[in-house]
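Undergrad: As a plain string of letters, each chain reads:
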Amino acid sequence: MTETTLPNPVPPITPDTTEFWEATKRGELLLQRCTSCQSVIWYPRMMCPECSGTSLEWFTGSGKGEIYSWTKTRKGLGDYAKAGPFILAYVQLEEGPKVMTNIVDWTDEDLVIGKPVEVAFTPTEDGTALPRFRPAK
Amino acid sequence: MTAKYSAVLVGAYEHPGRHLPDTSHAQIHAEVALGAVADAGLTLADVDGYFCSGDAPGFGGLTMANYMGLKLSYLDTTEMGGSSYVAHVGHAAAAIAAGKCKVALITLGGKPRTGPAWSRPKNAPEYPFEDIYGLTTPGGYALAAQRHMAEFGTTSEQLAAIKVAASKHAKHNPNAFLPKEVTVEEVLESPMVSDPLHRLDCCVVTDGGGALVLVHKDVAKDLKRQSVSILGHGETIKHTGSGNLDLTFTGARWSGPRAFEEAGIKHADINYASIYDSFTITVLETIEDLGFCEKGKGGEWVLDGALEAPFGKLPFNTDGGGLCNNHPTNRGGITKVIEAMRQLRGEANAPVQVPDCEIALVHGTGGSIGNRMGSATLILGRESA
Numbered sequence: 001m002t003e004t005t006l007p008n009p010v011p012p013i014t015p016d017t018t019e020f021w022e023a024t025k026r027g028e029l030l031l032q033r034c035t036s037c038q039s040v041i042w043y044p045r046m047m048c049p050e051c052s053g054t055s056l057e058w059f060t061g062s063g064k065g066e067i068y069s070w071t072k073t074r075k076g077l078g079d080y081a082k083a084g085p086f087i088l089a090y091v092q093l094e095e096g097p098k099v100m101t102n103i104v105d106w107t108d109e110d111l112v113i114g115k116p117v118e119v120a121f122t123p124t125e126d127g128t129a130l131p132r133f134r135p136a137k
Numbered sequence: 001m002t003a004k005y006s007a008v009l010v011g012a013y014e015h016p017g018r019h020l021p022d023t024s025h026a027q028i029h030a031e032v033a034l035g036a037v038a039d040a041g042l043t044l045a046d047v048d049g050y051f052c053s054g055d056a057p058g059f060g061g062l063t064m065a066n067y068m069g070l071k072l073s074y075l076d077t078t079e080m081g082g083s084s085y086v087a088h089v090g091h092a093a094a095a096i097a098a099g100k101c102k103v104a105l106i107t108l109g110g111k112p113r114t115g116p117a118w119s120r121p122k123n124a125p126e127y128p129f130e131d132i133y134g135l136t137t138p139g140g141y142a143l144a145a146q147r148h149m150a151e152f153g154t155t156s157e158q159l160a161a162i163k164v165a166a167s168k169h170a171k172h173n174p175n176a177f178l179p180k181e182v183t184v185e186e187v188l189e190s191p192m193v194s195d196p197l198h199r200l201d202c203c204v205v206t207d208g209g210g211a212l213v214l215v216h217k218d219v220a221k222d223l224k225r226q227s228v229s230i231l232g233h234g235e236t237i238k239h240t241g242s243g244n245l246d247l248t249f250t251g252a253r254w255s256g257p258r259a260f261e262e263a264g265i266k267h268a269d270i271n272y273a274s275i276y277d278s279f280t281i282t283v284l285e286t287i288e289d290l291g292f293c294e295k296g297k298g299g300e301w302v303l304d305g306a307l308e309a310p311f312g313k314l315p316f317n318t319d320g321g322g323l324c325n326n327h328p329t330n331r332g333g334i335t336k337v338i339e340a341m342r343q344l345r346g347e348a349n350a351p352v353q354v355p356d357c358e359i360a361l362v363h364g365t366g367g368s369i370g371n372r373m374g375s376a377t378l379i380l381g382r383e384s385a
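Sequences listed follow chains A and B, in order.
As numbered in full-length UniProt numbering, residues 1 to 137 make up the first sequence, in order.
As numbered in full-length UniProt numbering, residues 1 to 385 make up the second sequence, in order.
Think of the hints as simulated: they come from the structure by calculation, not from any bench.
Incorrect hints may have been included.
To be verified - Straight-line distance between alpha carbons at most 30 Å, and here's what the computed DSS-like set of lysine-lysine pairs gives:
no., chain 1, residue 1, chain 2, residue 2
1, B, 297, A, 115
2, B, 180, A, 75
3, B, 122, A, 64
4, A, 75, B, 122
5, A, 25, B, 122
6, B, 295, A, 115
Stated by the list, open to error - Some chain A residues judged to face chain B by a derived CB distance under 8 Å, without partners named:
no., residue
7, 39
8, 41
9, 43
10, 49
11, 68
12, 72
13, 73
14, 76
15, 80
16, 90
17, 96
18, 98
Claimed, not checked - Listed next, with one range per pair, are the computed distances between beta-carbon atoms:
no., chain 1, residue 1, chain 2, residue 2, range
19, A, 126, B, 186, 44 to 50 Å
20, B, 72, A, 53, 37 to 43 Å
21, A, 18, B, 114, 39 to 45 Å
22, B, 118, A, 22, 31 to 37 Å
23, B, 257, A, 60, 38 to 44 Å
24, A, 79, B, 153, 34 to 40 Å
Predicted, not measured: the structure shown is a model, and the values here were computed from it.
Glycine residues also receive a C-beta, built at the ideal position from the N, C-alpha and C atoms.
Work the whole structure out from these sequences, hints included.
TA: Laid out in structure tokens, this is it:
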């Protein structure tokens with residue numbers, strides 16, 4: 001594994017996402033389900049992009065999924081300018097949605113589409129935590 | 001065939017500069033505007049409809065209309081990233097058909113090479129769920145390329161063939177930023193930017209710009225310049241919806257058929273194609289989605305010189321495209337329309353001019369195929385078509 005130091009940027013929090021980020025402080029990955037059409041949606045917002053319903057309920061996701069796609073970014077920008085090569089990925093959660101994230105604690109053998117992964121929270125300066133994913137144990 | 005639109009393209013101009021440290025952002029827009037109206041045989045005083053996008057400085061359309069002194073009855077500042085300017089042609093044609101304006105000007109201009117780099121808007125609701133993880137432009141496209149390879153067996157050699165074709169065209173373009181012909185091996189040996197995309201799978205970063213002029217056919221009758229017909233237009237966006245995205249296809253899957261249906265033509269009728277080429281994977285997915293080959297077979301299809309002018313199956317991007325010529329403002333959609341006009345007017349660089357080029361397809365991609373994108377397709381015809 002190449003040495004990588006990922007930054008932990010503080011997420012901008014909006015009224016759409018306060019509950020989500022509060023849960024990350026407890027190590028929980030919250031998801032939203034539309035009570036009208038039952039879609040599980042990503043990213044959090046005030047309406048269902050499938051049926052336009054505005055009655056959404058939060059629930060705690062399993063934090064499990066598999067790699068849908070990945071790339072080793074050799075040169076980051078902004079907060080990531082000083083990170084070594086890092087892994088940007090889409091993880092498909094067990095509950096359905098594909099979420100953009102980083103894979104952490106990886107070796108080259110882990111970087112395979114379909115590989116099982118699990119959530120690993122990395123704390124930010126304001127006490128919230130970014131949901132990243134590591135190869136499942 | 002009869003064009004459904006009452007508007008025709010009569011003017012085009014591409015800024016020759018690729019490195020413009022001493023030219024302002026607004027100057028570039030104004031220089032290309034003057035170039036395009038002159039090409040049409042008009043002046044800026046004739047312009048009553050103006051179209052620009054997020055690359056325009058300040059308040060966009062307001063700022064640039066004021067800078068150039070335009071007197072307008074119609075303004076459209078549609079923002080669809082690099083696909084905006086291809087969409088603008090459809091919007092301008094519709095505005096002219098509705099009598100909202102008679103002479104429409106579209107401009108693009110910028111200086112990402114010598115000016116400040118664009119940064120992602122932090123107030124976007126997706127920002128804390130995408131950009132915060134270090135998303136870069138190549139990174140987004142690389143995610144799509146990786147998935148396409150996994151599902152269909154597409155290879156880096158096949159992607160490289162797209163760059164090779166573009167480079168064979170660029171060597172005939174004296175203004176091209178990368179005029180050197182490259183081999184598949186050279187693409188594969190170039191540094192990895194974001195797996196599986198190498199540096200030479202990525203478009204160039206250049207200053208510059210371009211402009212177009214559309215007019216009502218009644219206005220075109222009095223102009224000496226050869227006009228280009230608008231036969232079909234389609235546009236759409238593709239996004240992540242509720243998190244259910246599929247990275248193996250683009251919005252061309254929807255915008256392409258709309259344009260073909262309007263034009264009433266078949267794929268075999270297309271003599272030349274300008275395909276947005278921010279990355280080699282952008283071209284590969286687009287030609288599949290436009291229906292030039294079966295989904296997943298694009299890699300095999302681009303081999304054996306399929307994209308090379310003048311005699312390939314689908315001669316493309318004969319100016320060298322974004323991969324070799326220019327990509328002003330990091331969103332070069334307008335240059336795609338300009339090269340298609342050159343082909344239809346018989347004014348492309350001689351070695352890459354497609355003989356008897358009567359019908360051309362233009363496709364613009366904006367945003368990123370890695371998350372959300374604009375998509376616009378045009379089918380254009382030679383004046384006689």
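Undergrad: The structure should be examined with respect to each hint, and the outcome stated for every one.
TA: The hints, checked one at a time:
1. B:297 / A:115: Status holds; Cα separation ~25 Å.
2. B:180 / A:75: 25 Å, holds
3. B:122 / A:64: 28 Å, holds
4. A:75 / B:122: Roughly 20 Å between the alpha carbons, so the hint for residue 75 of chain A and residue 122 of chain B holds.
5. A:25 / B:122: Cα-Cα ~22 Å, so holds.
6. B:295 / A:115: 25 Å, holds
7. 39: Holds. Min distance 5 Å.
8. 41: 4 Å, holds
9. 43: At about 4 Å, which falls below the 8 Å cut-off, the nearest Cβ of chain B leaves the hint on residue 43 of chain A intact, so it holds.
10. 49: Holds: closest Cβ of chain B sits about 5 Å from residue 49 of chain A, inside 8 Å.
11. 68: Interface hint status for residue 68 of chain A: holds (7 Å vs cutoff 8 Å).
12. 72: 5 Å, holds
13. 73: 5 Å, holds
14. 76: At about 5 Å, which falls below the 8 Å cut-off, the nearest Cβ of chain B leaves the hint on residue 76 of chain A intact, so it holds.
15. 80: Nearest chain B Cβ about 4 Å off; hint holds.
16. 90: 6 Å, holds
17. 96: Result: holds, 7 Å to nearest chain B Cβ.
18. 98: 5 Å, holds
19. A:126 / B:186: 44 to 50 Å: Since the Cβ atoms of residue 126 of chain A and residue 186 of chain B sit about 47 Å apart, the hinted range of 44 to 50 Å holds.
20. B:72 / A:53: 37 to 43 Å: 41 Å, holds
21. A:18 / B:114: 39 to 45 Å: Given range 39 to 45 Å: holds, Cβ gap about 42 Å.
22. B:118 / A:22: 31 to 37 Å: About 33 Å separates the Cβ atoms of residue 118 of chain B and residue 22 of chain A, which means 31 to 37 Å holds.
23. B:257 / A:60: 38 to 44 Å: Once the Cβ atoms are compared, 42 Å apart, the range 38 to 44 Å for residue 60 of chain A and residue 257 of chain B holds.
24. A:79 / B:153: 34 to 40 Å: 36 Å, holds
In the structure shown, no violation is registered for any of the earlier numbered hints.
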